[in-house]
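Residue numbers (the numbering used here), protein chains in the order written: chain U, 1 to 600; chain D, 1 to 573.
Quick caveat, the hints were computed from the structure, so don't treat them as lab data. For every residue, glycine included, the Cβ atom is placed at its ideal position computed from N, Cα and C. Any given hint could turn out to be false.
Said to hold, decoys possible - Pair ranges (Cβ atoms, derived):
#1 D:Pro188 to U:Glu472: 54 to 64 Å
#2 D:Met79 to U:Glu408: 50 to 60 Å
#3 D:Met79 to U:Glu472: 19 to 29 Å
What the hints assert, rightly or not - Cut-off 25 Å, straight-line C-alpha distance, at most; resulting in silico cross-link-like pairs (DSS-like, lysine-lysine):
#4 U:Lys190 to U:Lys318
#5 U:Lys498 to D:Lys436
#6 D:Lys137 to D:Lys438
#7 U:Lys87 to U:Lys115
#8 U:Lys190 to U:Lys73
#9 D:Lys436 to D:Lys572
#10 D:Lys145 to U:Lys318
#11 D:Lys248 to D:Lys26
#12 D:Lys17 to U:Lys313
#13 D:Lys3 to U:Lys313
#14 U:Lys24 to U:Lys190
#15 U:Lys116 to U:Lys87
#16 U:Lys299 to D:Lys572
#17 D:Lys137 to U:Lys483
#18 U:Lys591 to U:Lys391
#19 D:Lys17 to D:Lys3
#20 U:Lys318 to U:Lys279
#21 D:Lys295 to D:Lys568
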Amino acid sequence: MKDTIYRSHVLICTGTGCVSSGAKNIKHELQDELADNDLKNEIKIVETGCHGFCEKGPIMVVYPEGVFYCQVKEEDVSEIVEEHLLKGRIVERLLFKEPMTEESIPSYEDIDFYKKQHRIALANCGKINPESINEYIANGGYEAAGKALTQMTPEEIIKEVKEAGLRGRGGGGFPTGLKWQFAFDNNSDKKYVICNADEGDPGAFMDRSVLEGDPHRIIEGMLINAYAIGADEGYVYVRAEYPLAIDRLQKAIDAAEDLGLLGEDIFGSGFNFNLHIKKGAGAFVCGEETALMASIEGKRGMPNPRPPYPAEKGLWGKPTNINNVETLANIPYIINEGSEVFSSIGTENSKGTKVFALTGKIKNTGLVEVPMGTTLQEVVYDIGGGLTDDKDFKAIQTGGPSGGCIPEDYLALPIDYDSLIEVGAMMGSGGMVVMDDSTCMVDVARFFLSFTQSESCGKCTPCREGTKRMLEILNRICDGEGKDGDIRLLEQLGEHIKDTALCGLGQTAPNPVLSTLQYFRNEYEAHIYDNKCPAGVCEELAASFTINIDSCIGCGQCVKVCPVDAISKGDGKYYIIDEEVCISCGACAKKCPVDAIFQG
Amino acid sequence: MEKVTLTIDQQKVEVEKGTTVLEAAKEVGIDVPSLCYHPDLTLHGACRVCVVENVEDESLMASCVSPVREGMEISTRSMKARRARRRNVELLLANHPNDCLGCDRNGTCELQDITHSLGITQKDIEEISGEVREVPKDETGPALKRDPNKCILCGRCVRVCEEVQGVSALQFSNRGFDSIVTTAFDLPQSEINCANCGQCATVCPVGAITEVSEIQKVWNAIEDEDVHVVAQTAPSIQATIGEEFGYKPGTVVTGELVSALRKLGFDSVFSTEFTADLTILEEGTEFLERLIENKNLPHITSCCPGWVKYAEHNYSDLLNHLSTAKSPQQMFSALSKTYYAESTNIDPKDIYTVSIMPCTAKKFEKDREEINASNLKDTDAVLTTRELARMIKEVGIQFENLNKEEYDELMGKHTGAGTIFGTTGGVAEAAVRTVKEKLTGEELERLNLGFKGINEAEVEIGDRTIKVAIANGLRNAESLLDEVRAGESDYHFIEVMACPHGCVGGGGQPLPINEKHKELRSEGLTNTDENSVVRKSHENPMIKKLYEEFLDEPNSERAHELLHTTFKCRQKN
């Protein structure tokens, strides 16, 4: 069967997102349909990793045409087989429609969501079967490792990575080549490399997608990394909540071992490298490298002061080099294409591309990889298709719980490490949450701070106690109990935690609060001094609802949905709302068939 | 060693590379306030109270974990550093019960001291007040109690238990604001592998871990006219209690101690050194037998109750190596309700025995079920050095103005050998002095046993070379015992003390306890030994009298009944 030539390949995305929306059932249905139509030897089903366009999942791509079907359901499968695979007619209704133009786009590459992307880390995701090492090799896989191990010295590799200008994709943006150099410079009988796959930012899933969709790229990156610094053992620290990623990575490690790409004397170079998976229990702080190493050693995941840096005394006291998944995914490309090609992409101080998880009030949510320097405008409107319901853009939150909220004024900002920090946000691992005018910025700050507060390891005073006090202040502001002085106190505590917390988690925890205070201070003030939540989100502050008696048709549907019995029959046929009882939930307004109910 | 020059508060200082900024500041005479830092433990960097400012870039750094760099310019006292330090203390206080008045550590609390010196007021704390941790206290004892609500999560107890004792009875649990220090599975203190050594209580900067107090019980006994209250003071107390009254560490105040006990109302005041001498005769005889029969060697001491419980949890297969001789405390108590009762014609039921101990584990030892030789509870109460000092202060006795008095004679006479039981290596030395003389008639000079980690010595006795090993701190005992377990140990005699430096570093001793204090206290005891007229246990005239009149001879049937004990296997949880 191996040599069978198929006339068509049907790629079904089996990333976590598409599996959740039913991709596995679609695959089974397709298998059955192909069997029924005697097409099993003509058409091959390939399970791939994530395409990034998770909102439109389950996704199916039919080659050789490259037709991109989205939101495929089980019942659509017979039509795809009958129309497309048997008769060659594209099933129009399953094609992607551009949100701006309503135009149906048959081909993958022509969709705006993909057009502006530049895929390096995600190059193979959605294209190859992640469980087949042969597909990876057929797409140029392990060429870079072969080149590195047989034609390059460790110094040459480090030089190449330095010149490429690659910076750590996990959040900090530290120059990767320099980090490798430090680990290389420390002589030791034993060194380790670690891949940090403890992706913990809410909404971020780029690391998971790479591990699920292209696990060999990470193994190859680590192999080059290990050879460059002189390590013979590596760990991938991946959270246990990523079962599919773990499963595929383990299969990839096994396959690489079988082919001698891991183990002893790789490529006959005399270089040995063994790789293990270490499952993390899902503590956010374990993404911090000293806590991560403590966790691998079997200790409580708690950060330790640096110095000593991992490059001097890391895992089990040995020099250790830790890199994020996406960072490592760029390594084979740099070695294959050379630092010049890589550094030609991006901005002056931020080279290459960056993967972002685009979510929130945006039409095209999903995973996008764009060159550094792409503007927020391009990401939100050109790739993201603009805001849901064409509402007004209010802010974009980048960098997850450590990041900040950027207002509309900065939409033209080219995204890179330094520009984001300048405006009070940060790259982080690449979360991007788009917010419209129905978002309360105080509530957003509260959300992120409650996350960091509950994920704090509890070791240092400012993070453990300080974020709790900040959260209490935010809670009371949202509950309408804010008082004069609260803003000043929030700023003081925020700056204090930034200045004195032990690790990166604590030092950046106040960012969502400080950046919203910087750009949306008026919202805080409205909560405290005017007793109003401008976005109408904070229940205690929301204005009650009123029924326009002239429009009311007396259908009574509002009465049925009111959870607090605030609505009763008025004198005429219309209904009225008791302001004292109303909790401003808005259920009545949503239900009203004639839009007779309004807030305020 | 490479040197680094830096400036701290505009003073140049040259220190060794690798020194921390906090240590370098000490060199120029500045104590940077700190809480999680402890000189005898690994660095933790958690409380962030020791923050100082790096003048070059105006950043703040925790000085306890920041190594010095060449050319560094540090301000420990800039407005920025002081504000940040203050804020971190305020944050701790906002989650700390406001009940200093009723706290065991009122007056010795490091958080209280810092609050006072930084001038933090109630108003400052109220500004950031909010939820306060509320978790149950653990008062199951028997020796120690924990109030996690007072805990400031500095981790000193966690570190001492893991790094020094190798027990790891305490660990951090939960996350964020809910973080606490607790036992495995939140089991009560009484049900875990804790040795009750109390090292956690000595390093705790606040009142989160303290001894179970027995002061009130003792006052009740003293107040009761029908009760005859007998006191015994452990060898180390005379060299440590002075610190509670302003004496320098290591000052020996035996006479004042005896006098104070009499003034408190104890009916007779004896010394545990007397039964330390007795222990030597009982244990020495047992060791001699084992040596001759080449049985159960190495012989391991069992006078330290923390060590005994640790062994019962972790090395129950080696319990037959432990000396069956009771600890001096328990020998004393058994005799006080038999020998002493007979000699004085007092009904043993009316005797109440109080031991003044450097130790929290002694509180556990007195409650061991196999310990009731007098058919009564042998030891009725155990007071730590700190508790006794508190009683003395309570009734306003001016310790420094007391006359020096002598112990009561019957069980108060002792030798220098009994005195050095209070420091590491003392038991081994006292035993060897007696064993060697018994075997050869030769006199032995002081063994040159150091005080840190594992130490060993060889002694020629007749035609035999006896190998002695000393371990203080349970972590150090571990490697010795692993050798014994593996059958690779060629020692004949091993002395184990649970606490670093032995009893002078015990869990019940005056605070603060650090390496320097412990060394000085040890010196106090060895000086006393050297100045003693009688320095060998078997030459104690009152011990001779005890055997002649009551016990017959060492390891006699009666001695066995009263002075020897058994051990049991405990779960390793």
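- Message: I'd like to know which numbered hints this structure contradicts. Please list them from smallest to largest.
- Response: The structure conflicts with hints 1, 2, 5, 6, 7, 8, 9, 10, 14, 15, 17, although it agrees with all the remaining ones.
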